Each structure stands twice: as C-alpha cells, then as structure tokens.
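Construct the complete structure from the given sequences, taking the supplied hints into account.
If you're matching them up, the sequences are chains A and B in order. FYI, in our numbering the residues of the first sequence are 632 to 1244. FYI, in our numbering the residues of the second sequence are 632 to 1244.
Please keep in mind that the hints were generated in silico from the structure rather than gathered at the bench. As the structure is a computational prediction, the values presented were derived from the model and not from experiment.
Identical copies go unnamed one by one, so any copy, or any two together, can satisfy a pair.
Below 30 Å or equal to it, Euclidean Cα-Cα: the simulated DSSO-like pairs (lysine-lysine) are:
hint: 1; residue 1: 1035; residue 2: 923
hint: 2; residue 1: 1153; residue 2: 1229
hint: 3; residue 1: 1150; residue 2: 754
hint: 4; residue 1: 923; residue 2: 981
hint: 5; residue 1: 1153; residue 2: 754
hint: 6; residue 1: 923; residue 2: 884
hint: 7; residue 1: 754; residue 2: 766
hint: 8; residue 1: 712; residue 2: 661
Protein chains: 2
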Amino acid sequence: MYRSHTCGELGITDVNKTVTLAGWVQTVRKFGSITFIDLRDRYGITQLLFGENLNALLNENPIGREFVLQATGKVSERSNKNPNLTTGDIEIKVSSFNILNTSITPPFTIQDDTDGGDDLRMKYRYLDLRRNMVKKNLELRYAVNRAARNYLHSHGFMDIETPFLIKSTPEGARDFVVPSRMNPGQFYALPQSPQTFKQLLMVSGYDRYYQVVKCFRDEDLRADRQPEFTQIDCEMSFVEQDDILNMFEGMIKHIFKEVKGFDYRATIERMTWEDAMWQYGNDKPDTRFGMKITNLKSIFNRESKFVKGELINNAGFGVFDNAETVLAITIPNAAGYTRKQLDELTEWVKRPQIGMQGLVYIRHNPDGTLKSSVDKFYSEERLQTIAQAAGAAKNDLVLILAGKEERTRKATSELRLEMGERLGLRNKDEFKLLWVLDFPLFEYSEEDNRWVARHHPFTAPKPDHIDIMIQNDPAIPDPAAYLSHPYAGIKANAYDMVLNGNEVGGGSIRIFRRDLQEKMFKALGMSTEEAMHKFGFLLGAFEFGAPPHGGIAYGFDRLCAILGGSESIRDFIAFPKNNSGRDVMLDAPSTIDNVQLKELSIRLDVQAPTSNP
Amino acid sequence: MYRSHTCGELGITDVNKTVTLAGWVQTVRKFGSITFIDLRDRYGITQLLFGENLNALLNENPIGREFVLQATGKVSERSNKNPNLTTGDIEIKVSSFNILNTSITPPFTIQDDTDGGDDLRMKYRYLDLRRNMVKKNLELRYAVNRAARNYLHSHGFMDIETPFLIKSTPEGARDFVVPSRMNPGQFYALPQSPQTFKQLLMVSGYDRYYQVVKCFRDEDLRADRQPEFTQIDCEMSFVEQDDILNMFEGMIKHIFKEVKGFDYRATIERMTWEDAMWQYGNDKPDTRFGMKITNLKSIFNRESKFVKGELINNAGFGVFDNAETVLAITIPNAAGYTRKQLDELTEWVKRPQIGMQGLVYIRHNPDGTLKSSVDKFYSEERLQTIAQAAGAAKNDLVLILAGKEERTRKATSELRLEMGERLGLRNKDEFKLLWVLDFPLFEYSEEDNRWVARHHPFTAPKPDHIDIMIQNDPAIPDPAAYLSHPYAGIKANAYDMVLNGNEVGGGSIRIFRRDLQEKMFKALGMSTEEAMHKFGFLLGAFEFGAPPHGGIAYGFDRLCAILGGSESIRDFIAFPKNNSGRDVMLDAPSTIDNVQLKELSIRLDVQAPTSNP
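Shown next as structure tokens:
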C-alpha cells in the first residue's frame, strides 16, 4: 500500500504519529523557504508542510497542481487551524516524499465553480469527475442504490439478472439492435426494460424480484434523455395495487432516511389521473405548493358548486364565451403585482412554447375591491363570484387562461409551475411524494384508428373493467365516436410515483390471463400471428399457471438527480452521452472496419458515405 | 395481498390460526371423499386438506398440477407428520378456495429428476425455473452477489455504473456492435469488460470501485461459454500486488462464510506460473490433491537432485532418449492396478483429445520390487531411482508420458486430473483456493512476428521489469531467436485466483505511465495513430496525474457454478443462451424488418438470403 492513512481521517488525536499519505496536489503555496501543499484524495484534504530542509529537493522536482504525490511525515498540530476541514487541526511535517506521477495543466480548474464549459468537461470527463460536486453526486447515487437494495432484500426480493441480448419487438420506442455474426441476417435487441422477463420470473414462482439494471431506447434525444439509462426494476406475485403502493412507499421512505437523513413521515397522497389533470393540468403534479387549477367552465371541476359555464359565459366577452375551456389559478398575496409585471406575464404566456393568446387577471385588493383586465365585461359582483370560485381571498391575484382544452390545460400547468418558481415555492430541499392512479388504459390513435397502450401492453385494467374489455370488440367502427366506445372508459390498474413534479417511478398490476392478453394485443392492432411471433413465449407461459402479479420500475438516474437537488440526470451519471447520443470522451459511436461488417453479414447503406477504413 | 402467509412458514405454533395461502399445486391425492393438495411457492410446501364438504365443489372445478390456488382454512396438527418438510407438522383444513389460474399439463415434470431433456427445458425455461434445484442455484447466485457487495462496501468500494454503448476497439475477442441510427454508418460496441472505464475512475480519484456487471464477447461458443456473462469487477488505487491479493482473499473467504457457512481458514497458496506449469501441467491447477508432475528430463524440476537427462537418457529406450520431455506422476496406493486397467489407461492417453503415443508405468510393489513396462531397457536400480525421483513409495504406481513438451505437459495434466477424478480426490464439496502469479507479460505471435498481451494491454510488468520494457525495442529482428529477446522474459504484475482447478478471477497491477502504455501498444504492433484512435482518451488521462492502481475481475457465473458444485454455468443463469448463442425460448436473434434496417442505414449481406418480412 502506498499510504498508511487516507487524506480524510487524521485529526488531533493522531499528533506525533508518523504517517504516509498519497493523493493529488490541490494547491501549492510557498512562503519563503517553507511550502504548504494541500493533498487531496476521495476522502478529504490534508495539509502537508515541507520545511526548509526539503527546499532544495522541491526546487529540483517542482510539484504542480494534480501531481500524484506520496509523502511521509509526522502529524503535527496546526497553529492556524482550519475549521472547514475535518483534518483542519493538523498538518503533516513531511520528512520524505515521492512524486508518483506528474500532471500537465488541466484544461479547466478542478473546483465546484470550474471555468470549464460543458463540452470541455465532457471530453475530459475523467477530470470533471474529480470535482467535488460530481463526486458527491456519484456518492449519492451509490447510497440510493444501496438503500434500495437493502430495503428490497429485507423484504424478500431477489436480484435476478435478465438477459441483454434479446428479441426485437418494436412498438413504442425503437430498439437498439445487435447483428448476430453466428446467425447471419438476424439481430438481437437490447432490452427497453426487463418487463417480460420479470413477468416470466413471477410465472416461475420467484415471488419477489428486483434488479438495478441498464435499459436502452433508441429515441430522438431530448435534453436530459440518455440512450442508456438505469432502472430499479421490481415485481411481486399475489399482490393487488395497494400492496405495491405500500411496499414502495416503504422503499422510498427508507431511501430518504438512509440517503438524506430525512424522516418522511407524511402520508403520501393518492390522486386519480383525472384529478391530477384537472387540478394541476398534468399527470405529474408538483404538490409542494397549492394553486390548484379551477375550471371555470366545465363540470369536471367537482368541487365547484356552479354548473357548467354559468360563471363566465354570456358576458359578451368573446374570448371566454367561445373558448372550449377557461382555467384559473390563484396566486396568494400577489394582488400587488404591478401592471408591468402583469404585462410581462402576459408576454410569457404568449411565447410560442406556451402559445396562449393572452392572460386575464383579477386583482383581489386588500380593501376587498376587485380590479380586472376584463372589467368592462363583468360586473364587480360577477368578478367577485369568479374570484371566489377560484379560491381567491383578499390580497390574491387570479390568473385566467382560455382556449382549446388541451393547450389551455398545459399552459395553465406551465403558468402554475412558473409562478411557483417565481414565488420560491419549489424548494429543491423540500420533497413531496404523490401517487397518481387510475390512468386510462388506452389512448386513441387517430392515424391507425385503433387503441394504443398508455402504459404498456401488459398492464391490466382495473378489476371492475376486465369484463368490459373481454366482452367488447376493440374495433372502432365510427372513428368520430371513439370516445363513446366502451374501451375509452377503461381505467388501468396502474400507478405513477411523482416526486416534486417528476415521475420517478411507474408500474401496474399485470395481465396474467392468456385471453385478456390476447384481447389486449388485438386492441393494439396486432394479428394473432404477429402476437405469437413477438410474444408467443409469454402467451405460452400464461397457460401454465401464471399467478396474479404486478410491479414497478423507478427511473434511477432521475430519482438520484431529484434527491441531489438537480434538474440534470447527466450530472448523476459517471460517463453520460451528449444530446446526439455521442460519448465525446471516447469518440463513440465510430466507424468499424470492413472485416467486422463482412463478418456480421451487413453492409452500410449511407447516402453521404462515411469514410470507412 | 392474496395470502396471509407463505407456504414455507407455518408450524405447530400456528395451530388454530385461520390463514390464507396462495401457490402452485404440486400434487393432488384423493382418498375417497377427502383430497390432499400440496401447495408450493418459493418458500416451501404446505399440505391442504379438503374435507367431504368441499367434494362437490372440487368435482365441479377439478384442480390439476401447476394450477394457481388460493385457499383459506384453519391450521391443524397432522396425525401423520412429515419430518422432511419444515411445515410437515401441520396441514390446512380448507374452508374455502379460489382457482386463481389453471394450467395445461407441463411438457415435463417440475421435479429435481425431471423427465425433460435439455432442449425442451430451455424452450420452456419459465417452467424449468420452477424446479427446486434451479431455484436453489439462483438463490445461491443472489447470495454470492450480496456477500460480495457487502464485503466490498465495508471496505470502502463504491458501485459506479459504466456505459454499455461504447467504442469498438477490436483486439483479442470480437466486439458485439450496435448500429447508431442518429450517426449513420457508425457503431457502438458492447463492452467486453469495463477495463478502461474503471482505470479512468482511478485517474478520477474514486480510489475503490466495484460493479457486478454484464460483459459481452462475440466468440465462437464452446460448451459452457455465453455471449453475455457477468463479472464482479473491482479496481483500487495506491496498491501493490500484495494489497490486492489480501483484499480479495478476504472477499472470497467472506463469500464462503456467508454462502456456504464454511470458514475457509487455510492460507491460500501463492504459486508462480512457471511452477504451476511444471508441477501441474497447466496454469489453473486443481490443488485439492497432490500427484505433482516430475520432469524426468529437464532441469526445470528444481526439486530434483539429478541433472538434466541423466536419469532416463541413454538407456537405449528411444521413446525416452529422443523425447523433448518426459513427465511422470505418481498415483498413491495404485500398484495393484491390473494389466487390464493399465491397458485401458494407455488407450485413454492415446485418444485424439489427449494424443499421446503410449504410457509407461512403474509399479512399486508392496514388497519393494518394481515392475515396469520398460523392464528390458532399465535395470531395477535405475527404475528404483526413477521411481524415487517421481516421489513413489511402496504400493504406488508411476505413470510416465514422453513427447513434445507442450503436448506432453497438457496430456500429463489431463491424466493427473483423470486419475484424481477416478480416485475420488476431486470432491465438489471440498474447496481449495490458489493464486497463480508471475505470468509472462507477452506471448509471441509467429503469424505477425510480434508480441501479444497475455492478459490485456493495460497490465504492468513486475516492477523490476519496467526498465527492461522501456529500454528495449520491442521489434523482433530474428524470429527464430524470439526467446532470447529481452521482452520474452518480462513477467506480468498479474494474478489469477484458481478454485478447484478453475480460474475464477484474474487481474493485474495496471500501467499508469503514458510512456510505458505507449511502449506496450507499440509492442503489440499498434501504430501511434492507431493507439491514439482507439485509446487516446486513456493515454490522455495518464497525462493528468494517474495514480498507481490495479484490480481484479471475477467470472461471476463460473464462481457460482463451482460454489454450487456444478460444472455448468448455464444452470446458474436465469435465461441462458444455447451453444449457438440462441435464446430458444424467445427465438432470438431473429430477423428485423426493412424499416428498421433502413433507419439504421444498413443492409443485409447474406449469401443464402434469410427471409426478411
């Protein structure tokens, strides 16, 4: 061993011990004939003191930043203690040292506030990984991994590895494929998730399965998506929805406790998908703050005592009268917003990303009077009623958007989040969990006039809806009336776990009857032959005593990012890819040589040919 | 939850409790109007008793093997206890039941001694996985996984995930490659191991890294090789060879303790590669038994007091006189071997797999006399001396093989293992560990007249040999004299862990200096450009303060198989592939459709075209 101790463990009780440390040179400070070096390793920083006797040697062998140094000496109490360092009470009086490796000057500083841009840091990721905040992120990731494993182990779950070279069954996202040299013209696919394997393990009687596992999706990358990502993947037999929710509330609370030292005691709210959509405008609401949406026009707002439209229609204000939807949020204590601030907000909602025509406001002044941008259409009494419906009290500001239902809902949701942000209500050190339940099982595909699985084709309907699915034909004779098809109302036995407005986990109770699974494939437009070709093994397995089962998968990268208080999953991945799916450090992907192509029985089919050695 | 208890936990103290169980029907036994059903789940088997009152219901709903059943009833003491079952003291008097799913008759019996052949069990792997012995194997695998993780965690190692979509750098084994849709004409490769990434993590200062990780090699499959396999992959900084050996002796002993309940207290022998080759004939000796090889001709046998050749040469026996090598093993207490047994052994060594011309024996009779197949060439005194050199005592049998060095050594090694097997000295419940050290760093490639890395190109030479490597030119001017090139004698700072004659782990201290790494690439015939193209990121990293480091990787599948007392790794993998690299359950690999090919900018180049929908 090149060291007797790490750079993070020596303290006042070690004074007079002779020790050897090894690490990286963080800083070199010369004071006349005395030199101080801060030596860094994974565990901390320790100050080395090189006295006059080593001066000549240091001059012969100049030591720079990021050199790898081994130093032996006696632990001494510092006269000038540094309370910010755990080792700040001591320093090492160096008697001998050894330069284990040199370093050229790094292209950016190895500090939290580095001067390196994104691209440079990605190219030299091995240097970026030295920075303390990146190290903290990977340490947090490991802590989450370990906490999850320990919890699952203590509840009888088994880690069982599923294969990576599987069969391509493209639907939903694209598969990455792998040409098989031994089976010319054939391809493996990399798994988008171990979904069917974990279900087979339940059929095999393994009862409780987990895996922290890489998954692959060949999608057009949006910011903060990676072609390879990690899931905490779990499955249980003989369970109903409640059993899963309880088990995984336990897991996430255990993770909070172990990783953040935070005792999450609050009950985790369970909200239907419909409530989430109408009260927050999206299916993963950030419930760290209120400002729920009030639907001023629709009966969908179940809390309202008003019937549809009565509140705002027929006031001669065309924008509201003719709108499909009118939605309001109430900003507490914001009645003081100036005209300038309101104009700026109006511009904000008119940006193309939001896409609204305008913004209506009602100020509920402290003296009880109201001031609105639509004063001329509504009497003060009517405004009073609207403000009341939106839950506004004195000193609040009501913001109202109107337009097509989907766009308006999305815009109101964005406006709500933006206002939450501006008001400091989205504190990254506060954590609020939520279950969203009762998703629709199907979405309608206009293009193909058929149903599409909202979650995936293995999700079971709610128990009450199984018969609706079995007894009705999924065909949609009248596309215009798809909403009245019995399948449109079927709810999924599915659940998403939402943390601070991000979906961190999702799962479902699975179909475990062959007839229901076949009906599902049929609803998705698959012929019997196609279903057998792609999923024959699963349909076959369901013939041999498949148990009721269900599971969940957590997006591990995202979960870590949120627990670490960050928006970006890349900061929590040791070697991430950029937004074009490239690893700029490795320079991958890259061309391969013709021998490899030949062996794999494939040829390139590139329009503008890439150079190929 | 469909159950209040599992099928493995109820006992005499639970009598009179009302419980609900759920599981699979193992057996149905009818005795008049009473029916016994053994209900099975992952945790055990519990007997259900259906009384006369349920008879009509059972007749209406006949229950067969592998049905999934939920049953509620009272725990009762059995009159006829079964001491072989943990639940054998009780049974459940069923009051109500529910068939959760039916099963058609499985294509083979779900028992340890199943009637299903290999192919059938692979096709219905989800049924094979129900068998108790397969389940025990996967449970053992999980236990090894967990024991390794816990040990490594407690020693400060961090699990850090490395990427799966990396860069193709073919040498040694072939890469599996993945066409990139977003980068037409370019390919990712799947990692053969995370080697360079773990080294970069050391450069980044992570100090101690581990991962239980899938690796991929596109090799022609031999029996018991899988295209995807799992490694326990580890790396440490600031270490020398001894530090690694000690750390991982600790790990393997911890695994033995946790998984087998076995306290491995013996010192783990450390043997040089040369000793292994000469004393056991191979580099992964099974040291559960002795029968070391004696080299009767060469000075390489350091224990012999005879000088080269003197023992057996010039006796007029051409087979020995002219042979490059003459090797002997001594079989204890086997002097009684009959002529017939010796003839059979002679046939055994003449099989093409072994390929020897014949077998010479010397019987050391109990009365002290000697009987040999070469009596007419050697005096009794000379035979006595030979037998003594081979370590034979009264009652032992000496077996001697002669021929070309490499083949004879291999044959003697095989003969030794075969005799160990026949004599019952290779007990699968006995475990013997061994380190093999000091491998040659290079092998010579006749084809290319250059050096090949025996381990991999990142392995450092022994500290004393670094200067030899730096100061000499790797070029081999005279191919005939390659053995006298300074590089031929360079030993690697590498180590293999051998368990019962199998290599279960291997690693090395790594090169961490750019000049040495460049010299290595040069020795392997890589141009500077090629080295930069493939490993520029690593050479670059070595410029910024790379610490001394080293590591090891365990073949997790093989380690589990040996701990489980099996020869076959397939039995320890949930979803293995067959010897053609196919998953016969999924029917993968398979063709993909033309849309996928088009998107990936590739075309098939198959001679006998595969049908492609």
